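Position chain R relative to chain X; hints supplied.
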Amino acid sequence: MAYSDKVIDHYQNPKNVGTLDKSSKNVGTGLVGAPECGDVMRLQIQVDEATGMITDAKFKTFGCGSAIASSSLATEWLKGKSVDDALKIDNMDIVEELNLPPVKIHCSVLAEDAIKSAINDYRAKNGMEKIKFEESVVH
Amino acid sequence: MLKLPVYLDNNATTPMDPRVLETMIPYFTEHFGNAASRNHPFGWEAEEAVDYAREQVAKLIGADPKEIIFTSGATEADNLALKGVFEMYAQKGNHIITATTEHKAVLDTCKHIEKLGGEVTYLQVNKEGLIDLKELEAAMRPTTILVAIMYANNEIGTIQPVKEISTIAKKHGALFFTDGTQAVGKIPVNVQTDGIDLMAFSAHKMYGPKGVGALYVRRKSPRVKVTAQMDGGGHERAMRSGTLNVPGIVGFGKACEICMLDMESDNARISKMRDRLETELMKLEEAYVNGSREHRLPQVTNISFKHVEGEGLLMGFNKNIALSSGSACTSASLEPSYVLKALGLGDDLAHSSLRFGLGRFTTDEQIDYTIEQVSNTVLKLREMSPLWEMYKEGIDLNKIEWAAH
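Taken in sequence, the protein lines are chains X and R. Be aware that the first sequence starts at 1, since it is given in my numbering, and climbs by one per residue. Be aware that the second sequence starts at 1, since it is given in my numbering, and climbs by one per residue.
Source of the hints: derived by calculation from the structure; they are not laboratory data. These figures come from a predicted structure and were not determined experimentally. Beta carbons: idealized from backbone N, C-alpha and C, even for Gly. One thing to keep in mind: the hints can contain errors.
[To be verified] List of simulated lysine to any residue pairs, SDA-like, C-alpha gap at most 20 Å:
1. X:Lys22 / R:Met390
2. R:Lys319 / X:Leu87
3. X:Lys6 / R:Asn318
4. X:Lys15 / R:Lys380
5. R:Lys392 / X:Val17
6. R:Lys380 / X:Asn16
7. R:Lys3 / R:Arg360
8. X:Lys81 / X:Glu49
[Unchecked claim] One side only, chain R facing chain X, incomplete, derived with CB under 7 Å:
9. Glu22
10. Met315
11. Met384
12. Pro386
Chain X extracted, bound-state conformation (with noise of 0.2 Å):
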């Protein structure tokens, strides 16, 4: 199976590794995956309370070049938003501009499901409600 030129270049410069203090109340964590299933996505997010704008994202994630690759582009496209519109971040637009193929959905599913987990953590620590999201389709 060839990977995209975008995977690639992800996987050989991957943007954003690295981890942030997750005890700090504005910063969110989203652990999701297993390491039987064979890919693990840690993403997090740091949030300017006052503008409710996302000022950093870093990732690590366990699994193969496609996994890793879908979190580097989730934290790139994080940096700058708003949570709320970081909440529309689908998982196709994922797959779409990282060409995945049909075995791979399940990578860009995966950083979907980190990015909500992320939220949720911020919010959870932040007195909000947690929202609660549909379950994953695919796995």
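Okay, now just chain R, sitting in the frame of chain X:
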């Protein structure tokens, strides 16, 4: 000089030895006859070439040439052995014993036989990949017609105690079949001293052409027969019909001859490179060799690099190094290797494995390059792995409730 790309997937297939190709070429053009054409020189030449190849193949495994049935490859030979014995010995019984780490060509054929009313026992293996001889003995029944255990495993290279297995089978009146695909041509295999009744093997795993293999079928003590699985002209002592693949068979014979001559020197060189590769890669933290290191083919090592996913790892260098991974992501099924799981490896380690299969044409420079590339990529991906970070922080990953996935 370093030659790229590096091919370290010799358990999947081997490049053809140029000496083999040279021997084959005239049989595509000049000597194109049908080996079954009895009435003209074209047929005679072809038959003579096949007879000679049959001797070369037989010699490598200590068999009589008449005991070699040419097939299209090991998968066909596996099918013919299992289904052929099941049909031929139906009056004696319907029970077959095999192991969970067999190749799919054996396991899926056994599943098929179960649908036909056969009973199959699948023996577990220990963490080294070896079956337990006591369990084998206990599994034997009066209706057991066949014990089917591979000689050496394709993913981890573990070599089964074939002699002991055949002794147990014989003691209980069952035949012993072994899938020798990974072993023949690589290590000394002798059907007499090993007590093998049937054995499947293939040319393209030993520097011969694809599309040709053989089933060894014992003719004396006991005389073994298999029911043909293909109807036709009654070739190969009526056990396998179909016009013989003369150039392929000629190449197979030559490949066997070369393996026999070069085995010792090839193995000395290759195992030294394999050991160096393994020693260097094991210097990385949390690296584990899968399967037995003692009872193992000299050309292969299978290593898990914990907290790094296999396919992601391959992507770091797969333009220049050809390797296989036991990770789910390299197959369509998303399930990690059933062989590694049978060793008792957790799914996480199975996902983190790479198989290095060295061969006759592997060079020291290529091993140096591989050590460097694999080590660097493991380190790079660990920096990117949340599991590695958690492991380093002393978090027990088994205690985390991972999202259902």
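Let me make sure I understand: some of the numbered hints might not hold for this structure. Which ones are they, in numerical order? Of the numbered hints, 2 and 9 do not hold.
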